[in-house]
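Please build the complete structure, drawing on both the sequences and the hints.
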Amino acid sequence: MKQNEEVVLEWTGLSEGGYSNHKDDPGGPTDRGITQATYNAWNKLKGKPQNSVKGISKAEAEDILVSQYLTPIRFSDLPSGLDYAVADFSINSGPSRAAKELQRVLGVKQDGVIGLKTLAALKTKNPQMVIVDYCKRRLAFMQDLKNWPSFKNGWTIRVMGKVGGQQDDDIGVIDRAVRLSKHNVYIPAPTSVGSGKADDTKTSFWKIIIDFFLTLIGKRK
1 MKQNEEVVLE
11 WTGLSEGGYS
21 NHKDDPGGPT
31 DRGITQATYN
41 AWNKLKGKPQ
51 NSVKGISKAE
61 AEDILVSQYL
71 TPIRFSDLPS
81 GLDYAVADFS
91 INSGPSRAAK
101 ELQRVLGVKQ
111 DGVIGLKTLA
121 ALKTKNPQMV
131 IVDYCKRRLA
141 FMQDLKNWPS
151 FKNGWTIRVM
161 GKVGGQQDDD
171 IGVIDRAVRL
181 SKHNVYIPAP
191 TSVGSGKADD
201 TKTSFWKIII
211 DFFLTLIGKR
221 K
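Quick note on numbering: the sequence shown equals residues 1 to 221 in this note's numbering.
Hints are not guaranteed to be accurate.
[To be verified] Restraint ranges, calculated between C-beta atoms of paired labels, are given here:
1. 120 <-> 67: 19 to 27 Å
2. 1 <-> 152: 26 to 34 Å
3. 109 <-> 49: 19 to 27 Å
4. 150 <-> 6: 30 to 38 Å
5. 52 <-> 24: 15 to 23 Å
6. 140 <-> 168: 21 to 29 Å
To be clear, the hints were calculated from the coordinates, so they are not data collected in a lab.
Small disclaimer: the values here were computed from a predicted structure and weren't measured.
Where a beta carbon is used, it is the ideal one built from N, C-alpha and C, also for glycine.
See the structure below:
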């Protein structure tokens, strides 16, 4: 939902943390959730000079997050709570992967593009049950990645919180997403755990262009 965009950007920003360049992170140098490769592609697309992603401003990072990670997953069209769960997955692992896992939960074609068929399937499901199943599948996806041993503690806390499952007072995506779906007033903020990108793809200039056109196609489905 559009009205959740500000708080979701705040939460994902806290989860991603500041600058990092872990040897086992396929994203390489990353700041505010933006990898150097994504920042290079963004600057090229905008006709701007190439700069280090280290020290990227909050405003610029959020512009990129909205354009490249929230818009492709139809953030504004998703139910409250699920919008956050899918957005956090998208930022951490890419919009196509986040979309495919949602489609897998819903039992629709897994093409990685959230269109009208995916949104229609959502209307037949309980959003809170979808959130719980989705977060469990996300963690399972992470556990299959080769860099799981290096980031398993941070990733587990990020997705499931300090205690497995869903609790009203925990800080995982699963916990806060369910509470957001209930429109509760107080929701604990996440804790930065310095997690790396849980991604099995590379971001490039052409990938950004392709994702843009896939988004347009998805809106027509």
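Against the structure, the hints:
no.: 1; hint: 120 <-> 67: 19 to 27 Å; in the structure: holds, 25 Å
no.: 2; hint: 1 <-> 152: 26 to 34 Å; in the structure: holds, 31 Å
no.: 3; hint: 109 <-> 49: 19 to 27 Å; in the structure: violated, 41 Å
no.: 4; hint: 150 <-> 6: 30 to 38 Å; in the structure: holds, 32 Å
no.: 5; hint: 52 <-> 24: 15 to 23 Å; in the structure: holds, 21 Å
no.: 6; hint: 140 <-> 168: 21 to 29 Å; in the structure: holds, 24 Å
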